[in-house]
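Asks: Each chain, letter by letter, is given below.
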Amino acid sequence: MRKLLKYFNGYKIEALCAPFFKIIEAIFELFVPFVVAAIIDKGIPSGDKGYITAMCGVLVLLGAVGLTSTLAAQYFAAKSAVGFATSLRQALFDHIQSLGFAEIDRTGTSTLITRLTSDLNQVQTGVNLTLRLLMRSPFIVFGAMIMAFTIDVQAALVFVVVIPLLSVVVFGIMLACIPLYSKVQARLDKVLSITRENLTGARVIRAFCKEDEETAEFTSRNEALTRIQQFVGRISAIMNPVTVVIVNLGIIALIYIGALKVETGLLTQGMVIALYNYMSQILVELVKLANLIINITKSLACAKRIEKVLEITPEMADGTITKGNDSSEYIAEYKNVSFKYPDASADSLENISFILKRGENVGIIGSTGCGKSTLVNLLPRFYDTTEGEVLVDGVNVKDYSQVALRDKIGFVMQKTVLFKGSIKDNLRWGKEDATEEEMIKALTQAQAIDFVTAKPEGLDYKIEQNARNLSGGQAQRLSIARALVKRPEILVLDDSSSALDYATDAKLRASIRELDYSPAVLVVSQRVASVMHCDKIIVLEDGLMAGMGTHDELLKSCEEYREIYDSQIKS
Amino acid sequence: MSKQKANLSTALRVILLLKRYLPLIILSVILAAASVILSLYVPVLFGEAIDNIISKGKVNFEIIGKTLVTAAIISAASAIASWLMTTINNRITFLTVRDIRDMAFKKIERLPLKYIDSYATGELTSRVISDVDQFADGLLLGFSQFFTGIVTIVTTLAFMFTISWKITLVAVILTPLSLFVARFISQSTYNLFKKQSEIRGEQTALIDEMIGNQKVVLAYNYVDDSRDRFLKINAELEKTSRKAIFLSSLVNPSTRFVNAIVYAAVGLMGALSVVSGTVTVGSLSAILNYANQYTKPFNEISGVITELANALACASRMFELLDAEVEPSDDGNKELNEISGNVELKNVSFSYVPERKLIEGFNLKVTPGQRIAIVGPTGCGKTTLINLLMRFYDVTSGEILVEGNDIKDITRESLRRGYGMVLQETWLKSGTIKDNICMGKPNATEEEIIAAAKATHAHSFIKRLPHGYDTVIGEEGGNLSQGQKQLLCITRVMLCQPPMLILDEATSSIDTKTEIRVQRAFEKLMKGKTSFVVAHRLSTIMTADVILVMRDGNIIEQGSHQELMEKGGFYSELYNSQFKH
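Same order as they appear, the protein sequences are chains C and P. Residue numbers 1 to 571, in my numbering, belong to the letters of the first sequence in order. Residue numbers 1 to 581, in my numbering, belong to the letters of the second sequence in order.
The set of hints was computed from the structure by calculation and includes no laboratory data. Cβ atoms here follow ideal geometry from the backbone N, Cα and C, with glycine treated the same way. There could be a bad hint or two in this list.
[To be verified] To give an idea of the chain P side of the interface with chain C (calculated C-beta under 8 Å), a few residues:
1. ARG101
2. MET103
3. THR125
4. PHE392
5. ARG417
6. MET421
7. SER430
8. ARG464
9. LEU465
10. ILE516
[What the hints assert, rightly or not] If you want a taste of the chain C side facing chain P, the calculated C-beta under 10 Å gives, among others:
11. VAL60
12. GLN269
13. THR550
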């Protein structure tokens with residue numbers, strides 16, 4: 001948490017003001033029983049109506065002052081908590097965006113998203129509550145005790161006994177319930193999972209006639225859930241009655257001690273009532289405090305998780321070169337490249353070398369998990385090679401500024417991703433200032449123009465999140481168009497026609513071969529048909545290069561290639 | 001109006017559900033009344049005790065002692081009653097909820113697939129889980145707070161009236177003020193909160209997109225743009241959140257202030273009454289105590305009412321599921337035990353919705369051991385036929401015969417046992433590998449299981465898993481690859497050796513080697529069995545006895561490969577575009 005404190009910058013004064021004003025309010029609240037005691041001890045016996053009215057006026061005044069200072073406290077708390085959360089959120093977002101592929105793989109995007117959303121909101125709530133309440137509740141509890149001491153030391157001893165006793169009960173029961181609640185949640189999850197399973201697997205379950213067995217399983221899980229719910233319910237139900245009894249016993253003791261003292265003239269009736277009132281105030285505040293502490297614990301856990309993300313340092317250092325060596329013969333070259341994913345036991349790529357000439361089409365084929373995607377991911381430096389080097393325009397990719405390097409490359413990923421917004425917005429990812437003609441041209445080349453023009457809105461057609469309103473094939477073609485708008489020097493197609501039917505795929509391949517700026521193309525695919533017409537095909541098998549050459553050469557020389565070919569084409 | 005009526009009928013049904021717990025409910029109500037009344041009587045006793053502490057030398061210890069002992073006993077009695085009440089309420093609620101969940105699940109097992117298919121899984125799940133949960137919360141709150149709240153208000157007023165009607169009147173008139181203040185503030189914050197959640201929603205969407213797809217963001221050098229977008233939305237959120245949080249945090253202090261005013265007014269009236277001798281000091285302290293408590297149930301009850309309205313909404317969604325019509329009963333249908341694989345479709349018509357006709361007047365006769373391939377472009381409705389054969393859906397007209405029996409006349413169980421089904425979406429249940437393989441034959445021996453797994457080439461990967469056949473796989477198959485899952489699904493059927501098969505070849509990317517294995521496993525499985533195959537692979541199609549060509553839900557061509565090629569129709573077009581290069 002300490003490292004996060006710097007995000008209070010700019011709100012430090014507010015963050016200190018909030019508890020300060022809260023304490024002022026609490027002080028005024030603690031005066032109330034004193035005023036009441038004065039009414040009873042002075043106003044009533046003397047029958048001084050003026051005095052009584054004045055004192056009641058004081059009560060209202062205390063309330064008003066209390067209100068004013070709370071308003072101030074709430075304002076400062078809200079301002080600093082929200083301000084803190086906002087700067088932390090921005091910092092976290094920026095930090096996550098500075099991470100590279102390796103760090104994202106390790107952490108997982110869904111985790112990162114949770115950190116930015118629910119964890120951060122919980123932290124904001126926690127900070128807000130802490131600023132507002134953490135000082136107030138203990139202050140009132142101990143304030144009441146101190147006030148009791150000012151009235152009578154012996155009576156105050158009742159507070160000394162009651163407060164720890166109440167704390168033990170309140171905190172004890174809450175602490176006992178926390179693990180039980182997570183047990184309830186776990187059992188509820190089990191009920192949830194069998195329900196979901198029976199919906200998603202309805203066909204299979206019925207095909208195997210498992211309905212009765214599943215019902216029996218559900219009933220037993222449901223029963224287990226009910227049992228633990230009742231158990232937790234019984235325990236948490238203890239808290240209220242027991243605490244009330246403790247407070248009442250405290251009051252009884254106070255009244256009795258008070259009676260003894262009044263008898264000897266050490267206390268007045270009003271003082272006894274004041275003691276009674278202080279005792280009543282304690283319980284509410286203790287319960288609030290216990291709830292607050294649970295909340296703060298949760299927030300601290302969230303804060304810790306956020307901190308962990310902020311501690312991740314991107315391991316890739318950016319280079320400075322912005323321009324390649326134009327006179328270099330090859331646009332890209334892999335030199336003895338090996339790559340191992342962190343924590344993996346074996347290399348994903350081993351000693352791969354090949355060259356990509358300007359304008360050349362190179363296909364990469366192999367079964368899943370053989371390292372095809374990894375191989376092309378090294379080109380835009382999504383990952384750093386473990387050994388060997390990757391050169392683009394004769395310069396090691398590690399020496400390029402990443403922005404400059406990636407500007408040269410149009411990369412179409414395996415998983416199609418489009419963003420919420422118009423088709424235009426999406427195409428502008430490739431080229432910020434692309435004109436409409438450029439977009440249409442790219443769409444035509446990507447075989448996407450037909451369905452785009454078929455939409456009444458054309459280029460302004462709004463794509464929903466996750467491209468829900470497009471078919472898989474349409475989305476895939478748009479993502480190809482996005483790369484083509486760039487007119488990249490190197491085009492990488494990472495298994496990016498998987499959702500297209502064969503005919504469209506064939507047309508797409510033809511149109512890419514005919515691009516007027518003739519980029520070098522790297523095509524990754526599992527389909528022989530997608531790569532067989534390439535100038536050169538690289539066959540990967542378990543991270544090793546099993547063969548390289550043209551289709552005909554490989555059919556003759558490479559067994560792995562022939563096997564793939566046989567399974568797909570020749571039947 | 002009609003919504004109110006619907007609410008009313010939902011409420012009535014909830015009451016009916018609770019009927020069997022009537023004795024417990026009555027007991028709970030009695031305990032609630034007892035605990036509240038007793039607990040409210042305690043301050044009165046304290047007041048009496050204080051009245052006997054007047055000043056030096058004027059303390060009546062006898063009465064004080066008696067009163068205090070009574071107070072202790074009553075306080076304890078109230079506590080016990082309150083604990084019992086809560087426990088009973090828990091019991092009623094949780095048992096009711098358990099019963100509802102059981103009913104709902106049994107319902108799900110018997111719903112027509114049509115119903116299940118027409119809802120998103122998440123939606124139906126949430127009816128069984130979160131709707132029922134919220135309903136329980138509402139019910140519990142209703143039981144524990146609604147009734148005690150009312151009793152508290154009534155008893156407090158009664159006690160106060162017995163002490164002094166004038167002071168009570170002041171309290172009664174002034175207290176609603178705090179309710180007004182609370183309502184006023186929460187109304188004005190409502191819009192702010194709505195706006196906040198809108199902005200938050202937008203922000204989450206942006207986060208989802210940019211962080212969720214960070215690899216694309218990096219590949220297209222979009223980091224700066226996305227940062228700017230986030231900055232903007234973040235600033236907007238800050239502004240709205242600050243206002244919303246500040247305003248909403250005013251409720252508590254404002255009502256506290258109103259309560260302070262009430263307290264002062266009651267104090268003033270009370271003290272003046274003490275001076276004029278109509279009220280004792282002890283009563284004043286009791287009344288002051290009440291004045292503070294009296295407002296609490298009002299706030300609680302208004303909270304309970306919103307909660308109850310929400311619970312009713314959940315209950316009505318729940319009932320909707322419970323009311324759904326189940327599949328027509330099997331009772332009295334014939335048990336079909338000897339199946340050799342004769343299947344006949346006679347003049348079958350089918351459509352999911354009446355407006356859109358799909359299959360019409362379709363005829364097909366299949367003899368044991370024949371292979372029927374179903375082909376067509378993606379999304380042409382190839383699974384419709386599976387739905388009809390397995391009787392997941394009933395034909396609209398015509399009949400499907402197995403061994404000469406209309407499948408509507410035989411039990412679903414015996415029909416389905418006759419088929420082995422491997423679908424493209426490989427569904428595995430969470431449990432061990434073994435559990436999954438023996439799904440169709442729970443009493444299979446270890447040897448049989450291993451033999452089946454060897455036959456499908458699944459054995460080699462299973463034995464390499466951390467706990468072999470006892471490895472637990474999570475929901476949706478956990479860490480297994482698509483191909484491995486497929487192999488398990490085939491093994492599952494291999495173990496049962498049913499006479500008829502329904503297979504759906506996967507189009508999704510399986511690596512070549514596993515694919516070859518899956519292929520071989522399929523071949524082995526199909527040997528000598530009547531099989532219906534949704535086919536993507538040329539080899540499967542070419543070796544089929546009959547090819548059914550589907551397009552837009554219709555079966556448009558039917559025949560062998562040779563016949564269909566000669567015909568030069570849609571099939572030959574498909575064949576040429578897909579398989580020739």
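Asks: Are the hints correct? Go through all of them and say.
Replies: Results for each hint:
{"no.": "1", "hint": "ARG101", "result": "5 Å, holds"}
{"no.": "2", "hint": "MET103", "result": "11 Å, violated"}
{"no.": "3", "hint": "THR125", "result": "5 Å, holds"}
{"no.": "4", "hint": "PHE392", "result": "6 Å, holds"}
{"no.": "5", "hint": "ARG417", "result": "6 Å, holds"}
{"no.": "6", "hint": "MET421", "result": "5 Å, holds"}
{"no.": "7", "hint": "SER430", "result": "6 Å, holds"}
{"no.": "8", "hint": "ARG464", "result": "14 Å, violated"}
{"no.": "9", "hint": "LEU465", "result": "16 Å, violated"}
{"no.": "10", "hint": "ILE516", "result": "6 Å, holds"}
{"no.": "11", "hint": "VAL60", "result": "5 Å, holds"}
{"no.": "12", "hint": "GLN269", "result": "5 Å, holds"}
{"no.": "13", "hint": "THR550", "result": "15 Å, violated"}
Hints 2, 8, 9, 13 from the earlier list are contradicted by this structure; the remaining hints agree with it.
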